[in-house]
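Trainee: Protein chains in written order, with our numbering: chain A, 1 to 107; chain B, 1 to 43.
The hints are simulated quantities; they were obtained by calculation from the structure and are not laboratory data. Take these hints with a grain of salt, some might be off.
The calculated DSS-like cross-link candidates involving lysine-lysine, where the alpha carbons are at most 25 Å apart (straight line), are [to be verified]: (1) B:29 to A:35; (2) A:52 to A:74; (3) A:35 to B:31; (4) A:47 to B:21; (5) B:29 to A:74; (6) B:31 to A:74; (7) B:31 to A:47; (8) A:52 to B:21; (9) B:32 to A:52; (10) A:35 to B:21; (11) B:32 to B:21.
Given next are the chains, with one letter for each unit.
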Amino acid sequence: MAQLRHDHPEFVSRDVAVVVVGPEDAQGFSDYWQKENLPFIGLPDPKASVLKLYGQEVNLFKLGRMPAQVLIDKEGIARFVHYGHSMSDIPSNEEILALVDEINQAK
Amino acid sequence: MPRVSLNQPAPNFTLPDFSGKDFSLAVLKGKKIVLLVFNRTFA
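Sequences are here, hints too, so could you generate the full structure?
Mentor: Written out as structure tokens, the structure reads:
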């Protein structure tokens, strides 16, 4: 989250809205969001409705849900989908930003 | 378990945000590229 916040201006300058969905309840999410002063759109999803809709993997042996990232273009089409197998298995912001540049250049 | 397919429409959803205000993915369509991040937990 810290790295994402650090690079957030890079996303904003490329016309990207960062939407973070988490499994906490609304209060836990709100407390965290305000404490950390995060600039993203933050969506608590304690019932995991969106997580299930997007097929985020749930692995009970690895303490819950695995991370996932989806990049959606302005037409609402998924252009990049990554389902991680551990918390360290996520693409870097540089990789995501490069993909955003590709999407923007394709216009 | 269903998964989002590449180059297919991303499913719309509506959820209250952390401040309780409804957010719908559809409001960003035509306006913004969206990076949707699913976190395991913040704790």
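Trainee: It remains to establish, for every hint, whether it holds in the given structure.
Mentor: The hints, checked one at a time:
Using a Cα cut-off of 25 Å, the hinted pair residue 29 (chain B) and residue 35 (chain A) is violated, with the two alpha carbons roughly 30 Å apart. A C-alpha spacing of about 23 Å is found between residue 52 (chain A) and residue 74 (chain A), which places the hinted pair at or below 25 Å, so the restraint holds. Restraint check for residue 35 (chain A) and residue 31 (chain B): the C-alpha separation of about 29 Å exceeds 25 Å, so the hint is violated. For a cut-off of 25 Å, the pair hint linking residue 47 (chain A) to residue 21 (chain B) stands: about 17 Å separates their Cα positions.
The hinted pair formed by residue 29 (chain B) and residue 74 (chain A) meets the criterion: a straight-line CA distance of about 5 Å does not exceed 25 Å. As the CA atoms of residue 31 (chain B) and residue 74 (chain A) are separated by approximately 6 Å, the hinted pair is consistent with the 25 Å bound. A C-alpha spacing of about 28 Å is found between residue 31 (chain B) and residue 47 (chain A), which places the hinted pair above 25 Å, so the restraint is violated. For a cut-off of 25 Å, the pair hint linking residue 52 (chain A) to residue 21 (chain B) stands: about 21 Å separates their Cα positions.
Between residue 32 (chain B) and residue 52 (chain A) the CA atoms are separated by roughly 24 Å; this keeps the pair inside 25 Å, and the hint holds. This hinted pair checks out: residue 35 (chain A) and residue 21 (chain B) have alpha carbons roughly 19 Å apart, not beyond 25 Å. Pair hint residue 32 (chain B) plus residue 21 (chain B) holds up; C-alpha atoms about 19 Å apart against a cutoff of 25 Å.
In summary, the numbered hints that this structure violates are 1, 3 and 7.
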